[in-house]
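Chains as they are written, first to last, in the numbering used here: chain A, 1 to 832; chain B, 1001 to 1257.
Don't take every hint at face value.
Derived Cβ-Cβ restraints for the label pairs, each shown as a range [unchecked claim]:
{"hint": "1", "chain 1": "B", "residue 1": "Arg1139", "chain 2": "A", "residue 2": "Arg375", "range": "33 to 43 Å"}
{"hint": "2", "chain 1": "B", "residue 1": "Ser1077", "chain 2": "A", "residue 2": "Ala801", "range": "46 to 56 Å"}
{"hint": "3", "chain 1": "A", "residue 1": "Ala826", "chain 2": "B", "residue 2": "Arg1139", "range": "34 to 44 Å"}
{"hint": "4", "chain 1": "B", "residue 1": "Gln1132", "chain 2": "A", "residue 2": "Gly457", "range": "12 to 22 Å"}
{"hint": "5", "chain 1": "A", "residue 1": "Ala826", "chain 2": "B", "residue 2": "Ser1077", "range": "13 to 23 Å"}
{"hint": "6", "chain 1": "B", "residue 1": "Gly1146", "chain 2": "A", "residue 2": "Ala456", "range": "25 to 35 Å"}
{"hint": "7", "chain 1": "A", "residue 1": "Ala801", "chain 2": "B", "residue 2": "Ala1187", "range": "40 to 50 Å"}
{"hint": "8", "chain 1": "A", "residue 1": "Arg375", "chain 2": "B", "residue 2": "Glu1135", "range": "45 to 55 Å"}
{"hint": "9", "chain 1": "A", "residue 1": "Gly299", "chain 2": "B", "residue 2": "Val1029", "range": "42 to 52 Å"}
{"hint": "10", "chain 1": "B", "residue 1": "Ala1187", "chain 2": "A", "residue 2": "Pro460", "range": "45 to 55 Å"}
Since the hints were made in silico from the structure, they are not lab data. Glycine residues also receive a C-beta, built at the ideal position from the N, C-alpha and C atoms.
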Amino acid sequence: MLSLSIGMARHRVAALIAVFCAVLGGAALVTATGVLAESGLRSHLPAGRLAGADVLVSADQTYHPPEDLPIGLPERRPVPAELVGRLGRLPGVAAAVGDVSFPAAVLDAGGTPVSVGHPRTAGHGWSSTRLLDRVEVDGQAPGGPGEVALDEATAAAAGVRPGDEVRVVVAGRTSAFRVAGVVRAPGAGILVTDPTAARLAGRDGTVDLVGVRAEPGAAGSVAAAVRAELRDSGLVVATGADRGDAAEPGAAADRSVLLVLAGSLAGVILLVVGFAIAGAVAVSVAAQRRELALMRAVGATPAQIRRLAAGQATVAAIAALPPGLGLGYLLARQFRRLDVVPPELPLTMSPLPAAAAALLLVVAVQGAARGAAWRASRLPATEAVAESRTESRTPSRARAAVGLALIVAATVLAAAPLLLRSAFGVAGTQVAGMLGGIGLALAGPLLARWVAAVVAGRLPARVAAPTWLAVANVRGYSQRFAGNAGALAMGVVFVLTYSLAQTTLLAATSGERQAGTPAQHSIDAPALGALPADVLPAVRALPGIRAAAPVGSTTVLWPHRELGDEAVDAQEALVLDPDAAGVLDLGVRDGSLAGLTGATVAVAEDVVRSRGAALGSSVRLILGDGTPVDARVAAVYGRGLGFGPVAISADLAAGHLGPAPDRSVLVRTDGSPEADRGLNELAATRPGLAISTPDGSAGVPPELRINLAIVVVLLGFLLLSIATKLVAATTQRRTEIAALRLTGATPRQIQAMTRREAGLLAGAALLGGLVLSAVPLILVGIGFLDRPWPAGPVWLLPAAAVAVVVTAFATTELPVRRALRIPPAAALLSPQ
Amino acid sequence: MPSPARLLRRHVEHRPSPDGPAVVLEEVVKTYGGGVRALDGVSLVVPRGSFLSVMGPSGSGKSTLMHCAAGLDTPTSGRVVIAGHQISAENENRRTELRREHVGFVFQSYNLVPSLSVADNITLPLRLAGRQPDEAWVRTLVERVGLTARLGHRPAELSGGQQQRAALARALAPRPAVVFADEPTGALDLRTAREVLGLLRDLVGEFGQTVVMVTHDPAAAALAHRALVMADGQVVATLDAPTAADLAGRLVALGGE
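Taking the hints into account, I'd like the entire structure generated from these sequences.
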C-alpha cells in the first residue's frame, strides 16, 4: 500500500508540498510549545553559589492546589535555625550551614553602586562560603561587625583589596567596612560575620535554607539520612539538579510562568495548526480524487481507499517531521529570548516534546486524510469515477449546519469581554475569532454556491466571457472556492481579533493605570537591592511635594470558586500603606485605602461578588511565601484591570517579603519646577537612587510581547500554508484550463478569468473575515474601552487586506501562467 | 527578399475564402526533443464538406498530425492553412482566436467544463469569441443531438454518450470550417459509440460539416469519405470510400492493432 501511495504521490507534488509545509510549521510550533511546557514543569536552575552543598534543605516553596499543578511561591519562607545543629550531627556530614541572604551593594570610590549579581540577595554570612564549590581567600574572614569579605568580581569592580576601606549599602543603610578578605569564587557575594548577617537579614532563629556538605563519598548516605531526619517536617530536601530551585525560589516560581504561557499558547496554536493541516490534506486528497475513484473501480475497499489517501499525506508529513521538530527547538529558544522568565532559568531540551508533536501531527494528518477521503471511499465505484471529474455535487448541509452553529457559538463567546474585564475576557474574543473562522470554512461551500447562484442569475447577458466563467466557477467549484476563501478569511479574522484584542486589553490596562496614578515620579534603587529607609522622609521634606508613599508588589494566591471548581492562580498584588491614596487613585468605591492597616486588603469590585469579598468581610489569601492569612476587606476599588484584583496592606505583607521589601516611593508634586529640582538633587546626592515615571518605563509587558510574537509566527505559518494550498488548488486546474482553451479560450481570457476569480476570492475572504471579526472586536471595544471599536494599530486592517489580495493573486497567477505554458492538448494527456 | 510569385501566393492563400479547402497541410514536419520525427513531411488537403478519417497504429503520428492540423501545436517546418488562414505562423493567442472561429473539437474525454450547464457548455465557444449565439441554429443542434431535455444539467449528471453528444453540439455551434475528432468514441461502449458515430456522419451529410477524425477503430474510420493510413510520421496510404475490412487489413500489414 505504501509503495502505491508513493507512486501516486509523484504526480501530486504541489498538493504534497502544501501538506509538507503545514506539517513542517505545525511540528515546529507544537514542539516549541511543548519545550516551553516541559521547561515550565521540570527545568532546573543552576545551583550557582550553593553548588558545593550536597544537600539543600529549604521550606516547600510551592503551593499545592487541590487537583491542579503546584504553583511556585516567589517569596522565601525561612526554616528554623536549630536544623543546622541537628543536621550537622548526622553521620557523614562534613558541615551543615545555615544560609541567609540580604540586600547589599558595594559602592565604588565615586559612590556609585557596583553591579555584580543580584543586589537583593548579594549579602551572606561568612559560613555560607563553606557551601561554595572551591574557596580560596586572599586575606582572611571578616572578624567583627565592621569587616566584610567580597568576591573577586565585586572587589575588582569596586577597586578594593584586603585591608582597604569600602562603603557598603546593606539593607538600605550605608556604612563603612574594612575589607578583610577577597574570596576567589564567582557569585560568593558580600560576606559579613554570621551574627551580623543574621541581624541584617532580620532573622531571629531562622535561616533561608540549610546547606549540607557530606564527607567525601558519603553524599548518597547523607541525603538519605537528611531525608529520614526530616520526614513529615514539610521541608524540602534537594540534591543534584533540584538544588537550584532551593537556591532561587523567585526564579523557580517564574518557571511556572512558562507553563502558563505554554498553556495559553497551546489553544490557539493547536487550532491554527489543525486548520492548516486539514486544509492542506483536503487539497492533497482532492488531487488524488480521480485515482482513488479508479482504485475503487478496480476493487479497492472503502477502508483501503482511506488508507491509501492517508498514506500519501502521511509520507509527506513524515518527510516534514524531522526538520519541523528541529525547527521547534530553535523556535522555543527564540521565544525564550523574549524575557518572560529570568535569564538563569534554562530550557529543558528533551526529546519528549518532539515525540509528542510527531505523534499528534501524524494522528492529525491521518484523521484529516481519512475524513477528506470518506465520501469518495463510500461512493459506489462507478459513481466515484463519474464524480471524480468534478466536485461532489452538493455541499453537505450537515457541514454547513455545523459551521453556522460554530459561528453562533463564536458570537456568544465574543460577549465574554462584556462580563469579564480581564485577560480571560480577551481570550473569549480570540477564541471567538478562531471558532468563527472555522465555522465560515465549514459553512462556506453552501454559502458560496448560494451567493454565486444569485450573482450568476443577475449578471447582465452581455457580460464578458471571463467574468461569466469566473462566477460559474465559483458556483460550480463552491467547495474549492469556499475552502480557499475560508482559509484566507480565517487569516484575516485571526490577525484582527487576536492582535486587536491584545492591544485593546493593553490600552485599557495602561489607560486605567495611568488614570489611577496621579503621582508623577517613582523613586527606587534597583542597584542597591532595597530602597534606603530614609528616602521617604527626605522626599516628604522637599518643597512642593503633595504626597509620597511607598508602594511595593508581591505575589498572592487567592483560592476561590470559579464555575463551581476550586480555582487559584498566582497574582501580582500591590503592597500599600494607608497613605497610598495620595499617590494612587484606584477608583475606590467603598471604604478607604486609609483603612489598610493590620491584616487588611483592598479588592477590585469585579471580584466582590464572585469571591464573596464585600467591604468588611474576611477573605483568605495565601501570601507569596505560602503563609495563609485571613484579611478584612478595607476598601473596594474600581480599577481592577489596571491594578489587579487585590492589594494588600504593608502590615499584612511585613515579614513575608524577605529581609527588606523591594518597594518604590511614588511621589506626587504640585507640578512646580522647584519640586522636580528638589527630587533630582536628592537623587544626585544619594547613591543608587533612580527616578522614573510610574509605569512609563514598564514598556510592553512580556505576555503581550510573546502574544505578538506568536501572532507573527502563526501568521507566517498561516500565510505559507494558505499559499501552498492555493497554489496546489490552482495547479489542479490544469485539465480544466486545458479544456477551456480547447473550447476556444485564449490564454488572455483564461488569465482574465482566473484574475477575476482571485478578485472574488480576495473579496469574499475580506468580507467574510471582516464580518466575522466585527462582532468580537466591537464587543471587546465596548467591554474594555466603552466604545464600539478596539484599540490598536490602524494599519493592521489595510495590511491584512493587502496580504489577502496579494496572496490570492500571486497564488493564482503563477500556477496559471505555468499551466498556460503547456500546450492544451498535452495538458489533457498528462494526469494533471 | 521573397520573390514576387511567393508574395502573391501568400497573399492569395491568406485571404479567407469560403470555397477553398477547409484545411491544407504543406510538407509539415514535427520534431520533438531528442530528434524524434513525429511528422515527416505530411501534405494534405481536406475539401469542404468532406469527412476524413486518419488511422494508424500507436506512435504513427496521427495525434500529432491532428494537433498540428488543428492549430493546437505548431509544426517544426511546413505550413498549415485553415479556412485560408496560415495558423502555423501565429502566436498562441491568435491561434486560439483562429481555432475558436474555424475549428471545433471533440475529444475522447469529452472535455466539457464541469462547472457549466450543458447549454452553457454548448454556447461557450461563441461567448468566448464575443459572438451572440444563433439561437435557431443552437436549438436545431441541441434537438439533433437529442439533449433538449438535458440543457440545464451539469456534465457530471450525464451519461458518457450524452456528454459526447453535448461535446458534438459544442463543436458545431460556431459553424466551424472543420471539426477535429480525436478518438471520439474511445471512452464509450460499442452501442453508444455506434450511435455517436452515426450522428457525426449524419451531421456531415445534413449540414455539410467538414470533419477530420483520428481513430484506430477500422469500423469507425470506414464511415468517412476518405481514410488516411499513417505509419512512422508519414501517410502511407489514402483510401477513398474505405471499408472496415480494407482498413483492418492495412493496419495488420503495418503490424499495428
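Now for the hints, and whether the structure bears them out:
1. B:Arg1139 - A:Arg375: 33 to 43 Å: Distance hint for B:Arg1139, A:Arg375 holds at roughly 38 Å.
2. B:Ser1077 - A:Ala801: 46 to 56 Å: Once the Cβ atoms are compared, 52 Å apart, the range 46 to 56 Å for A:Ala801 and B:Ser1077 holds.
3. A:Ala826 - B:Arg1139: 34 to 44 Å: holds (35 Å)
4. B:Gln1132 - A:Gly457: 12 to 22 Å: Roughly 20 Å apart at Cβ, these two residues keep to the hinted range, so it holds.
5. A:Ala826 - B:Ser1077: 13 to 23 Å: holds (20 Å)
6. B:Gly1146 - A:Ala456: 25 to 35 Å: About 27 Å separates the Cβ atoms of B:Gly1146 and A:Ala456, which means 25 to 35 Å holds.
7. A:Ala801 - B:Ala1187: 40 to 50 Å: Since the Cβ atoms of A:Ala801 and B:Ala1187 sit about 46 Å apart, the hinted range of 40 to 50 Å holds.
8. A:Arg375 - B:Glu1135: 45 to 55 Å: violated (39 Å)
9. A:Gly299 - B:Val1029: 42 to 52 Å: Holds, since A:Gly299 and B:Val1029 (Cβ atoms, about 46 Å apart) stay within the stated range.
10. B:Ala1187 - A:Pro460: 45 to 55 Å: violated (37 Å)
Violated hints, in rising order: 8 and 10; the structure is consistent with all others.
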